Amino acid sequence: MSPFAALALSVFLAAVTAAPLVSRYILTFTGPASAWQVERGTQRLSPKNGLPLQPGDCITLDAGGSATMTLIVDGREIAITAKSPHYCVSAQGTQNPVVAAIARSFASFASVFHDAQSDYDAQSTAAAVSRGASAPHVAFPMLAVGDQRVVAGRRALALSWSGGAPPYVVSVGTEGATAPLATAHAAAKHVRLPEASFTPGAYAVRIEAADGLRGEARFTVVAASALPAQPADVATILADPGTPVDLRAAYAAAWLMADPSDAWRLEAYQRVVGHDDSALARRLIYQLENDG
Amino acid sequence: MRAPGLRRWWARRSERQRAFALNVAIGTVISVLAGYLETNAAVGKARDALLTWQIAQFASTDVARDILWLDVDETTYLNWHAPALTPRDKLCRLIDFAVRGKARVVVVDVDLSEPTAPGDVTPAQPCGKAHAGGDAELKAYLHEYATACNGRDAQSGCPPIVLVRELRTSYRSTYADGAPAHARRPQYFDDAAFGASGPVFWSSPNFDVDDDAMIRRWRLWEPLCDPSDVLPSTELLAGALFAGTSPERVRQSLQAFRPACVPVGGASNAVIAAAEPPESELDVGHPLRLSSRNADRRFFYRVGWESARGRATMAAFVPATLVTDVDAAHAFDPAVAAGRIVVIGGSYLDNPDLHRTPLGLMPGTLILINAIQALVQNDSLRETPAALRIGIEGALILVLSALSVYLPAAAALIVSILFVIASALTFGFVFLNMGYWIDPVLPLLGIFMHNLFEFSVHRWRHRSKHA
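In order, the protein sequence lines correspond to chains L and H. Numbered per the numbering used here, the first sequence finishes at 289, counting up by one with no gaps. Numbered per the numbering used here, the second sequence finishes at 490, counting up by one with no gaps.
Pulled out of the complex, with its shape left as it was, chain L reads as follows (with noise of 0.2 angstroms):
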């Protein structure tokens, strides 16, 4: 055999049995397996952590199951839960490097402008403020985005804020209500409201602090079945007794924090506040207390 062809050959052996790699699988499930539909065309397979997937693949959790799966899928985690109880495997575009970079460094531009803008309005509103003119400037950044949203119950409220000087006094009451259903004075930037009846509504916090200033934020309450589900491994560890009580508040939170919606940062700091024994939990509280 000529070396061309020998070579030619090698090539050809080692396309035809290098086995491609796997990008989509199962990471995880909960939940017993016969609650699980995996189907490849006509055929049915068993659900298995680490199952390799393929474009075309569909899973359907059986109605009324409360299980979750994890897939992965080119890089990116699905969760398949009640709520969304089906999902079929595709490929996944990639993005162009290039085009990437360049999306993100227009948008790391436009964020600079955005901060520099928001300093000047803080700096404007400052400026205001020493004029006489009153203005809200106690802020509570986990409010800032969106409709932060909170489990209904009888519960004590923990907030935190930034701005203004010390002690304040923190109300919180149903929207346009006049009584507060809970007041607290405060002499840090932090405080755990007397414990309160929350029905589903809309709710306001209100603050005042010794310097005079004021801040007024909005958060919704619902009901708990409106939590959004939870991924297979958070579960597990949840549902595990022997998970440390601080480890378990720190997953519940990181679980909520992660929810695309980011409307759960005001419930995510109910669970993880005052539980800062690991190193997870303080970093979540460090993030919402100061970045939101």
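Think of the hints as simulated: they come from the structure by calculation, not from any bench. Since the structure is predicted, the reported quantities are computational estimates derived from the model, not experimental observations. Do not rely on the hints blindly, as some may be mistaken.
As the list claims (entries may be wrong) - Capping the alpha-carbon separation at 20 angstroms, the derived lysine to any residue pairs in SDA-like fashion look like this:
#	chain 1	residue 1	chain 2	residue 2
1	L	Lys45	L	Thr78
2	L	Lys45	H	Glu167
3	L	Lys45	H	Ala351
4	L	Lys45	H	Asp356
5	L	Lys45	H	Lys125
6	L	Lys80	L	Val35
7	H	Lys125	L	Pro17
8	H	Lys125	H	Glu167
9	L	Lys45	H	Asp350
10	L	Lys45	H	Arg123
11	L	Lys45	H	Ala352
12	H	Lys125	L	Ser20
13	L	Lys45	H	Glu477
14	L	Lys186	H	Glu167
Given chain L's structure and the hints, the job is docking chain H onto it.
Okay, now just chain H, sitting in the frame of chain L:
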């Protein structure tokens, strides 16, 4: 003869053409002069900061398809009861998972220099054929593997296993120039059985750490003393073995870089002249030139780290606990390891192996993954070819000269700066993605110098007119 001709040609040009030609000449002189500023520390810092920012824009643009990370993440760490050192029997099961999954190369990014404390020894879990438990389990597994797989490769079910070797400063030797020398740190287990031809190899996990504590460059090999030797970096060895290059070839290629070691104090006053080692090439999926000059090249980070979720943006990762802490009914299918470089390492929060990178703080194992991916994909910064550099500089000079002819001075300055920035953010990224960095700092300097020159000439003319 020629001078009058040139003068006539110049006289026939329009005012604009003359201004344009003058600007091109000035721009060319400035670009040559500005080249000397490259050694200036402030310019160097500005360039470095800009390049770091530009590389950061490529975060998460690659999912490292060739690599699987068996991640000792926070959940795994918790399930393993937060051990001070990685339990060896668990590590053994992870290695065995990768081997059973038909990985091409297995990289163990775990410090094995110390035995685990008695309290850390977890109950024995079967790993391969060995059932010794704890530290002894891994030792027995590796020795069994080295014997059974000697001379065999990944295709025959024996992927090479690359371990990281911690280094220490030698007490006995220095390099020839008197600098402190590195030596291997002793292991808790005897590694004599591994042999030079594998399939278990040692590698250096070290990277170049810059003054600002950021890791931007790899160190492709580590010269060692006691005895004089060269240890390939983990990324170099993993990349070469993944490409099918034999370990002997890697060893031979690096032999030229063996350091001259002298006893401590022996080189105090005399720097021993060492000849520059000859360049050699190594196949890491592409021909990699090994020379002292490119041993510490800057590499691309493309695999990002989502610190809030504790996850890398990778095509394939598996939390280690899904492999080590499940019963047979829930065993993880090892098919995900097939054909890949499997990297075993930790991202748990208590892990001190956390470093600054252009993409932010990142676990050491993910830095290694980025380095392996960059090496395999030939994704490092290289010297820009002279023709490309001169071509781009020439085009910039022409455009900027034209701008200053057609626009008023202030407008030309603003438009020129915007043009250079816009070019850096578009064409600059195109070239950077190819490994060539087009420096926008020098053109910006050039614009300011040109403006200063024109301003000075204008003032001089103004004064002469009124004198």
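These are the hints, each one checked on the structure:
At roughly 16 angstroms between alpha-carbon atoms, L:Lys45 and L:Thr78 fall within 20 angstroms of each other, so this suggested pair holds. A C-alpha spacing of about 30 angstroms is found between L:Lys45 and H:Glu167, which places the hinted pair above 20 angstroms, so the restraint is violated. This hinted pair checks out: L:Lys45 and H:Ala351 have alpha carbons roughly 11 angstroms apart, not beyond 20 angstroms. For the hint pairing L:Lys45 with H:Asp356, the CA-to-CA distance comes to about 7 angstroms; that is within 20 angstroms, so the pair holds.
For the proposed pair L:Lys45 and H:Lys125, the alpha carbon gap of about 19 angstroms is at most 20 angstroms, so the pair holds. Our distance criterion of 20 angstroms between C-alpha atoms is met by L:Lys80 and L:Val35, whose separation comes to about 18 angstroms. Between the alpha carbons of H:Lys125 and L:Pro17 the distance comes to roughly 12 angstroms, so the proposed pair stays at or under 20 angstroms and holds. Annotation: proposed proximity of H:Lys125 to H:Glu167 holds, straight-line Cα distance about 18 angstroms (limit 20 angstroms).
Between L:Lys45 and H:Asp350 the alpha-carbon distance is near 12 angstroms, which keeps this suggested pair within the 20 angstroms criterion. A hinted pair counts as satisfied when its Cα atoms are at most 20 angstroms apart, and L:Lys45 with H:Arg123 qualifies at roughly 17 angstroms. Between L:Lys45 and H:Ala352 the CA atoms are separated by roughly 9 angstroms; this keeps the pair inside 20 angstroms, and the hint holds. Note on H:Lys125 and L:Ser20: the hinted pairing holds, with a Cα-Cα distance of about 15 angstroms set against a maximum of 20 angstroms.
Proximity of L:Lys45 to H:Glu477 is assessed by CA-CA distance (about 73 angstroms); at most 20 angstroms being required, the pair is judged violated. At most 20 angstroms may separate the alpha-carbon atoms for a hinted pair to count; L:Lys186 and H:Glu167 exceed this at roughly 61 angstroms.
Violated hints for the displayed structure, listed by number in ascending order: 2, 13 and 14.
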